[in-house]
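Enquirer: What follows is each chain in one-letter form.
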Amino acid sequence: MNNTEYWNPVLETLPREKLRQLQLKKFKEIFTWGYEHSKFYHKLYSDAGIQPGDIKKFEDIKKVPKMEKSMMRNAQGPTKEPFPYGDVLCVPLEQVTAYRQTSGTTGQPIYQADTWQDWELGTEAYCYALWAQGYRPGERIFVPFGYNIFVAFWAYHYAGEKIGCEVIPGGVLDTSARILKMKELKATAMGATPTYILGMAETARKMGIEPPKDLYIRRITVAGEPGGSVPVTRQRMEDAWGAKVYDEVGSTEIGHWGWQCLHQAGLHVNEAFYLVEIEDVATGETIDEPGRRGKMVITTFGRLAQPCIRFDVKDIIQWNTQQCDCGRTFRLLDGGVLGRADDITKVKGVLLSPLAIEEVVRNIPQLGNEYQVIVTKKGDIDDITLKVEILPEYKKDEAAIKAKLADQLRITTNLGYNIEFHEYESLPRSQAKSRRFLDQRPH
Amino acid sequence: MAQNYDIKGMVSKIKSLRKDAEELKKISGGIPAVEKNADRILADVRMLEIDIVDAAELKS
Chain A
0 MNNTEYWNPV LETLPREKLR QLQLKKFKEI FTWGYEHSKF YHKLYSDAGI
50 QPGDIKKFED IKKVPKMEKS MMRNAQGPTK EPFPYGDVLC VPLEQVTAYR
100 QTSGTTGQPI YQADTWQDWE LGTEAYCYAL WAQGYRPGER IFVPFGYNIF
150 VAFWAYHYAG EKIGCEVIPG GVLDTSARIL KMKELKATAM GATPTYILGM
200 AETARKMGIE PPKDLYIRRI TVAGEPGGSV PVTRQRMEDA WGAKVYDEVG
250 STEIGHWGWQ CLHQAGLHVN EAFYLVEIED VATGETIDEP GRRGKMVITT
300 FGRLAQPCIR FDVKDIIQWN TQQCDCGRTF RLLDGGVLGR ADDITKVKGV
350 LLSPLAIEEV VRNIPQLGNE YQVIVTKKGD IDDITLKVEI LPEYKKDEAA
400 IKAKLADQLR ITTNLGYNIE FHEYESLPRS QAKSRRFLDQ RPH
Chain B
0 MAQNYDIKGM VSKIKSLRKD AEELKKISGG IPAVEKNADR ILADVRMLEI
50 DIVDAAELKS
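For the protein sequence lines, the chains are A and B, in the order given. Position one of the first sequence corresponds to residue 0 (numbering that gives the first Met the number 0), numbered consecutively onward. Position one of the second sequence corresponds to residue 0 (numbering that gives the first Met the number 0), numbered consecutively onward.
Among the clues, some could well be false.
Taking lysine-lysine and the DSS-like style, the derived pairs with C-alpha atoms no more than 25 Å apart in a straight line are [stated by the list, open to error]:
(1) A:65 / A:55
(2) A:17 / B:12
(3) A:24 / B:7
(4) A:25 / B:7
(5) A:395 / A:205
(6) B:25 / A:161
(7) A:27 / B:35
(8) A:17 / B:7
(9) B:12 / A:25
(10) A:161 / B:14
(11) B:12 / A:55
(12) A:42 / B:18
(13) B:12 / A:24
(14) A:61 / B:58
(15) A:17 / B:35
(16) A:79 / A:61
(17) A:25 / B:25
(18) A:243 / A:212
(19) A:24 / B:18
(20) A:25 / B:18
(21) A:79 / A:55
(22) A:24 / B:58
(23) A:24 / B:14
(24) B:14 / A:17
(25) A:24 / A:62
(26) A:161 / B:12
(27) A:161 / B:18
(28) A:56 / B:58
It is worth saying that the hints were derived from the structure and are not from the lab.
Sequences and hints are given; from them, build the entire structure.
Expert: Structure (structure tokens):
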């Protein structure tokens, strides 16, 4: 084995007990930093009666209060100083070199401040992901994404460059122009959302281009949506492009904390850069054993301008039962991010995860990639409508496909749906995060 | 895994990189081109510390 198999064998193969020791040391550092430099964190911790000297062993971490998005949102805003970051900022404003913000899917966006060192940290974390996914110098990466105020794909770009790949920004081009440019330049890798990866393949075929045959893409990194860790969705992407597809997860406030390696066995958590805790949604009890779902609480180590300490993200995850064959000691999550605690909702008294619907829809080859779920209330009764697209060549089989879909949905989700078939390509498509689950019930 | 790298040597070089970049900044007399490039070097040195030094200095 040589030292180039991993981006950093020192950390990626660190024995588990050493990794835990490193995590405790880094947690103490970032906790102390937040306590001493941010009015927001200082108040949060003082109110809870906890201070840096109180964190002595790993179990003490749980005593530190969790932080939620709404708390950070309240500490920021137009009237808060220093504008616009308010009390969460830990460095003088003149050290902030990067601004990004969250998409605002769950409310007013969070403003994210980063120093140059923080930005380097995000890039470094992404290097671990890309190297693990087989990116090497000589790879020609195309980024079919309009970089902007959101964090999406900036670090993919910077990490690609840092690794030594050639990176082509496909920003303001439209989809057809991007496909032609990828063909012209013989791009070998790309990164985008699963929805856009599938949509691009549809567009290419309409242009008379068969991606596996006429293009050169062999490696795709997907982020922003859970599709890369949903086996049927990943298979659809791999078939459409004739390429291997790898998932990557991260967020504006956290950074790039998880990724699939070449083995695609699950999502590795970069435990040298992040502490991931899983908590039982109902009891708050820590879940360490594999195969039991809970919500993620995450800490980013070493991000100084606007630290992320015990962030209650509300993503649902579970540890994998197996160790990956890649040799990394970073633990695996089974199935990636399985949903959000917010999204798992009761419909007709049954707990429903929107991701379960995606798995059913995309497992039926006669259906297109897009779908939409709308939950309403008729009187006192919940009503679910599922809109799907049927591929034109299967329109004659609509009744049989509908019956199969209803059957599979009932088996998987224990619910009955109003199924609507729509014309192929008539449902909305997005380059950024798609919103396919619409709960329109009055709350 | 066969380790054919010199952790102690790397730690020592990373520490001297930090020292040199900090000294460079100190003697720059505030020349922006020197200060700002030294800051970038120091950010990269921090990545090397995270990648190598922090783990190497754990108590055994």
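Enquirer: Would you check the hint for residue 79 of chain A and residue 55 of chain A, treating anything up to 25 Å between C-alpha atoms as holding?
Expert: The hint is violated at about 34 Å.
Enquirer: Within a Cα-Cα threshold of 25 Å, do residue 25 of chain B and residue 161 of chain A meet the stated pairing?
Expert: Roughly 28 Å between the alpha carbons, so the hint for residue 25 of chain B and residue 161 of chain A is violated.
Enquirer: Take the C-alpha atoms of residue 161 of chain A and residue 14 of chain B, compute the straight-line distance between them, and say whether it is at most 25 Å.
Expert: Holds: residue 161 of chain A and residue 14 of chain B sit about 22 Å apart, inside 25 Å.
Enquirer: Tell me if the straight-line CA distance from residue 25 of chain A to residue 25 of chain B falls inside 25 Å.
Expert: violated (29 Å)
Enquirer: Decide if the proposed pair is consistent with the structure: residue 42 of chain A and residue 18 of chain B, CA atoms, cutoff 25 Å inclusive.
Expert: Roughly 35 Å between the alpha carbons, so the hint for residue 42 of chain A and residue 18 of chain B is violated.
Enquirer: Starting from residue 243 of chain A, check that the Cα of residue 212 of chain A is at most 25 Å away, please.
Expert: With a Cα-Cα distance of about 15 Å, the restraint between residue 243 of chain A and residue 212 of chain A holds, given a limit of 25 Å.
Enquirer: Tell me if the straight-line CA distance from residue 24 of chain A to residue 58 of chain B falls inside 25 Å.
Expert: At roughly 11 Å apart (the allowed maximum being 25 Å), residue 58 of chain B and residue 24 of chain A satisfy the hint.
Enquirer: Just to be careful, I want the Cα atoms of residue 25 of chain A and residue 18 of chain B compared with a cutoff of 25 Å; is the pair within it?
Expert: Status holds; Cα separation ~22 Å.
Enquirer: Is residue 24 of chain A close enough to residue 7 of chain B, meaning Cα to Cα at most 25 Å?
Expert: Between residue 24 of chain A and residue 7 of chain B the Cα gap is close to 20 Å, so the pair holds against 25 Å.
Enquirer: Does residue 205 of chain A sit within 25 Å of residue 395 of chain A, going by the straight-line distance between their CA atoms?
Expert: Measuring from Cα to Cα gives roughly 22 Å; hence the hint holds.
Enquirer: Hinted pair, alpha-carbon criterion (25 Å max): residue 61 of chain A, residue 58 of chain B. Please report holds or violated.
Expert: holds (23 Å)
Enquirer: Is residue 17 of chain A within 25 Å of residue 12 of chain B, Cα to Cα?
Expert: holds (23 Å)
Checked against the numbered hints above, the structure breaks hints 6, 7, 11, 12, 15, 16, 17, 21 and satisfies the rest.
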